[in-house]
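Starting from the given sequences, assemble the full structure and let the hints guide the process.
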Amino acid sequence: MFEKSLKQLGDALRAKKISSVELTQSYLDRIAKFNPELNAFITVNPEVSLAQAQAADERLAAGTAEALTGIPIAQKDIFCAKGWLTTCGSKMLSNFVSPYDAHIIAQFNNAGAVNLGKTNMDEFAMGSSNETSHYGPVKNPWDQTRVPGGSSGGTATAVAARLAAAATGTDTGGSIRQPAALCGISGLKPTYGVCSRYGMIAFASSLDQAGPMGRNAEDLALLLNTMAGFDERDSTSLQRDKEDYARDLEKPLNGLRIGLPKEFFAEGLDSDVAQTVEAAIAEYKKLGATVVEINLPNTRLSIPVYYVLAPAEASSNLSRFDGVRYGYRAPEYGDLTDMYEKSRAQGFGEEVKRRIMIGTYVLSHGYYDAYYLQAQKIRRLIAQDFTEAFKQCDVIMGPTSPSTAFKLGEKGDDPVQMYLSDIYTIAVNLAGLPGMSIPCGFGENDMPVGLQIIGNYFDEARMLNVAHQYQLATDWHSRAPQA
Amino acid sequence: MSLSTDDVKKVASLARLAVTEAEVETAHNQLSGIFDLIAEMQAVDTAGIEPMSHAQDVTQRLREDVVTEENQRKLFQSVAPQVEAGLYLVPKVIE
Chain A
0 MFEKSLKQLG DALRAKKISS VELTQSYLDR IAKFNPELNA FITVNPEVSL
50 AQAQAADERL AAGTAEALTG IPIAQKDIFC AKGWLTTCGS KMLSNFVSPY
100 DAHIIAQFNN AGAVNLGKTN MDEFAMGSSN ETSHYGPVKN PWDQTRVPGG
150 SSGGTATAVA ARLAAAATGT DTGGSIRQPA ALCGISGLKP TYGVCSRYGM
200 IAFASSLDQA GPMGRNAEDL ALLLNTMAGF DERDSTSLQR DKEDYARDLE
250 KPLNGLRIGL PKEFFAEGLD SDVAQTVEAA IAEYKKLGAT VVEINLPNTR
300 LSIPVYYVLA PAEASSNLSR FDGVRYGYRA PEYGDLTDMY EKSRAQGFGE
350 EVKRRIMIGT YVLSHGYYDA YYLQAQKIRR LIAQDFTEAF KQCDVIMGPT
400 SPSTAFKLGE KGDDPVQMYL SDIYTIAVNL AGLPGMSIPC GFGENDMPVG
450 LQIIGNYFDE ARMLNVAHQY QLATDWHSRA PQA
Chain B
0 MSLSTDDVKK VASLARLAVT EAEVETAHNQ LSGIFDLIAE MQAVDTAGIE
50 PMSHAQDVTQ RLREDVVTEE NQRKLFQSVA PQVEAGLYLV PKVIE
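Chain order of the listed sequences is A and B.
Going by numbering that gives the first Met the number 0, the first sequence opens with residue 0, and the numbers climb by one from there.
Going by numbering that gives the first Met the number 0, the second sequence opens with residue 0, and the numbers climb by one from there.
Hint data in this document are derived by calculation from the structure and do not stem from the laboratory.
A portion of the hints provided could be inaccurate.
[Unchecked claim] Which chain B residues stay away from chain A? Per the calculated CB distances, all over 10 Å, these:
| no. | residue |
| --- | --- |
| 1 | 1 |
| 2 | 66 |
| 3 | 70 |
| 4 | 83 |
[Claimed, not checked] Derived DEER-like restraints, expressed as beta-carbon distance ranges:
| no. | chain 1 | residue 1 | chain 2 | residue 2 | range |
| --- | --- | --- | --- | --- | --- |
| 5 | A | 292 | B | 42 | 20 to 30 Å |
| 6 | A | 419 | B | 42 | 14 to 24 Å |
| 7 | A | 99 | B | 88 | 16 to 26 Å |
| 8 | A | 232 | B | 88 | 24 to 34 Å |
| 9 | A | 7 | B | 44 | 52 to 62 Å |
| 10 | B | 48 | A | 292 | 24 to 34 Å |
| 11 | B | 22 | A | 0 | 19 to 29 Å |
| 12 | A | 291 | B | 58 | 34 to 44 Å |
[Claimed, not checked] Sample of chain A residues at the chain B side, in silico, Cβ under 10 Å:
| no. | residue |
| --- | --- |
| 13 | 237 |
| 14 | 300 |
| 15 | 324 |
| 16 | 379 |
| 17 | 382 |
| 18 | 408 |
| 19 | 412 |
| 20 | 480 |
The beta-carbon is built from N, C-alpha and C at its ideal position, and this holds for glycine as well.
What follows is the structure, encoded as structure tokens:
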């Protein structure tokens with residue numbers, strides 16, 4: 000049952016072979032058994048989940064079920080869910096029971112999905128290893144001495160360890176794709192603006208995007224069908240016609256043109272990852288694709304640009320945490336400024352404070368043009384690189400991450416080393432393009448390797464088709480860590 | 000670009016973050032490393048390039064100026080650190 004796809008689970012539920020209550024309980028049992036060591040969930044709320052499952056069973060009995068009705072899906076703890084503790088991985092929100100639902104949560108609720116719990120994450124989604132969480136690091140289920148990636152590391156571990164049928168993530172600089180790669184699952188960051196940011200706790204608003212994480216491309220298509228859609232409460236939500244992201248899954252790949260950016264296969268890429276990704280490309284050629292070398296010359300600038308823009312936006316977004324309307328307030332303080340300063344100093348962790356300070360500095364008087372404006376200009380150059388590249392190819396492929404999962408604590412003291420691990424994912428966020436990662440084999444130490452697939456704007460259905468056809472021909476996506 | 004410890008203290012103050020001397024020292028080292036990384040950006044010639052603030056060239060939507068939300072003060076204040084009589088309490092700012 001834990002190996003079934005979402006479609007198979009939906010069929011079993013509608014055929015009354017299993018009830019949602021039974022399915023939900025069996026996942027809750029697995030969480031109770033494995034979460035103490037993996038730490039993938041911050042909050043589980045069995046009574047609430049089972050009540051939702053009960054309601055789903057009634058819907059199934061009444062014949063009004065949809066594709067995801069009754070299926071237990073975990074939610075990254077960045078999404079506000081009414082009545083649920085919503086911490087965003089931070090002490091700052093350690094007491095925040097959300098009074099409202101994020102758009103994404105409401106979409107899943109309307110679809111009749113069961114909220115299985117809130118997954119662990121880097122604090123305010125700032126991190127690439129899940130080690131910045133106030134609730135402790137998540138372990139990679141393939142090797143518990145290693146990180147799951149981040150920031151959606153709890154989600155990646157939960158899906159890989161079969162603690163949830165599927166789950167959600169968010170991706171500001173790679174936070175869906177990198178943990179998906181490091182944990183051997185599939186994850187998709189849609190085009191910026193496809194999924195509403197309403198109720199998704201903001202990190203860098205011009206880059207943040209929610210997306211699905213699951214075991215295969217077919218599951219991601221079903222999840223995205225529920226998650227995507229216009230929402231007037233998000234000012235950057237795009238008004239587009241509803242689409243079925245599963246519509247092209249079965250199309251053959253004959254004639255597909257794959258662009259390989261030479262910058263993605265250069266210095267800094269581990270040889271085991273390079274070999275595994277090259278083998279995946281060879282498989283695509285067998286499926287009828289052709290390969291063209293492309294250039295993304297500004298790739299290396301994406302890291303400095305990102306580490307100006309994202310902290311700048313974060314410093315502004317996180318100014319709302321002041322110990323007045325919600326969240327943590329220091330137990331002792333003098334005047335109002337002292338209350339702000341102590342509440343924020345105690346409520347935020349080191350990485351968050353570091354980024355708030357970077358952001359505050361680059362936005363401060365006299366530095367705006369040199370940093371923020373310059374970064375926004377180079378952002379356009381980076382986006383133009385992709386526009387040029389897509390004249391020659393249909394999708395771009397390469398590694399998701401330069402290495403497989405690293406050891407817990409390995410990069411903890413050196414923020415710059417941690418930032419460099421996002422080299423292949425960040426440019427996609429800066430350009431606002433859709434990107435995904437699918438498992439394509441194992442590197443040294445038998446750790447999973449992710450293949451990144453980057454599409455043109457609004458090409459999610461094609462990317463899912465490209466991923467699905469590979470998953471029909473290979474079985475990397477169905478490998479699971481030993482329990 | 001070199002950042003001084005005074006810069007770090009000033010930034011922390013602007014960001015309303017209380018910092019100890021030891022934290023200033025650590026932050027100074029780490030932020031300097033990060034700004035060295037960022038400095039790579041400065042050499043790029045961006046003359047005539049339009050800054051990009053958003054991935055899609057869309058304009059801000061407007062809506063009718065009507066009330067769309069109901070008053071949920073009680074619910075929203077249930078998560079506040081300190082409230083009284085429907086008001087948020089903070090230390091006195093005017094003597």
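Taking the hints in turn, this is what the structure says about them:
no.	hint	result
1	1	holds, 13 Å
2	66	holds, 14 Å
3	70	holds, 13 Å
4	83	holds, 13 Å
5	A:292 x B:42: 20 to 30 Å	holds, 26 Å
6	A:419 x B:42: 14 to 24 Å	holds, 19 Å
7	A:99 x B:88: 16 to 26 Å	holds, 23 Å
8	A:232 x B:88: 24 to 34 Å	holds, 29 Å
9	A:7 x B:44: 52 to 62 Å	holds, 55 Å
10	B:48 x A:292: 24 to 34 Å	holds, 26 Å
11	B:22 x A:0: 19 to 29 Å	violated, 50 Å
12	A:291 x B:58: 34 to 44 Å	holds, 35 Å
13	237	holds, 6 Å
14	300	holds, 6 Å
15	324	holds, 5 Å
16	379	holds, 4 Å
17	382	holds, 6 Å
18	408	violated, 17 Å
19	412	holds, 9 Å
20	480	violated, 34 Å
The earlier numbered hints that this structure contradicts are 11, 18, 20.
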